[in-house]
Amino acid sequence: MKASTNLIRVKPKKPFDLWDALINMLMIVTALACLLPLLHILAKSLSKDVYVLANKVMLWPMGFTFEAYGKVLGDASILRSLYVSVVVTVLFTILGMLITICAAYPLSRKQLRGRAFLSFIFLITLYFSGGIIPEYLLINSLGLLDTLWALILPQAFSAFNFLIMRSSISSSIPVSLEESARIDGAGHFRVLWSIVLPLSKPIIATLSLFYAVGRWNAYQDALFYIKQRIDLRPLQLKMYYMIVEASESFQLEATQVQLTNPDVLKAACVIFATVPIICVYPFIQKYFVNGVMLGAVKE
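Everything in the sequence shown is counted per our numbering, starting at 5 for the first residue and increasing by one.
Everything labelled a hint here was simulated from the structure, so no lab data went into it.
Nothing false has been slipped in among the hints.
With a straight-line Cα cutoff of 16 Å, these simulated EDC-like cross-link-like pairs (lysine to aspartate or glutamate) come out: (1) 270 with 79; (2) 114 with 182; (3) 75 with 53; (4) 231 with 150; (5) 270 with 71; (6) 114 with 183; (7) 270 with 249; (8) 270 with 53; (9) 75 with 249; (10) 52 with 71.
The whole structure should be built from the sequences, with the hints applied where relevant.
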């Protein structure tokens, strides 16, 4: 007798996992903790002053208006600061990745003598630093005050990013692959350019994001090093002075922005400074997870 082939395959029901539920709940709470403050700031920046003064704005704008953004964008000095921030961030990221790659690749190869000692020297900078005053004296001695290089050179190398890059190269690129290239006549730079860099795209994209976000959000060094050249102030420092001035507690820089409520100005400044760096994420998101996982294994 021929058996029936029209049997309905019942998919086994997955048992309820309490830990999965707790982890999912924790992730949702964490995501909301990051998202809700941003939505609140966005709603305030798009609301009229009277509703913000009355504390009626939560997650949805009331009296929808772009007045705050119009006044912020109407200040030519803000656009100039935005241009300075973009230039500094791009140059800082490129220089940081060049130094990181040039340090990580040779120190990831076991045939290099003394690599443990050289790596130890880099690791020292993770725990000890010269401090703000020696760093300021150094920048002053080099004649870099009131120049863009004062914002690019001092922090262009990160020992933490170096460790991630070195571990990624060591774990993802076998020595045998490099040896086969050498048999074909490739030198160090050829191996680095044709083998190491193409296979390290995820970690390069991830570390580039780390460098770019860190530089974009920094303003303390600009506060110290950019004093006379107002036209070289990056966006974050410009926003800082605007918010302080709007709060009527500090008067350092004249501005064309005139708002009745400083909270609206603060909200518009936060969104204006956040949107450009957020726009970078979609282009490197596909590399981000792979890059973080590659760097998670350290020797």
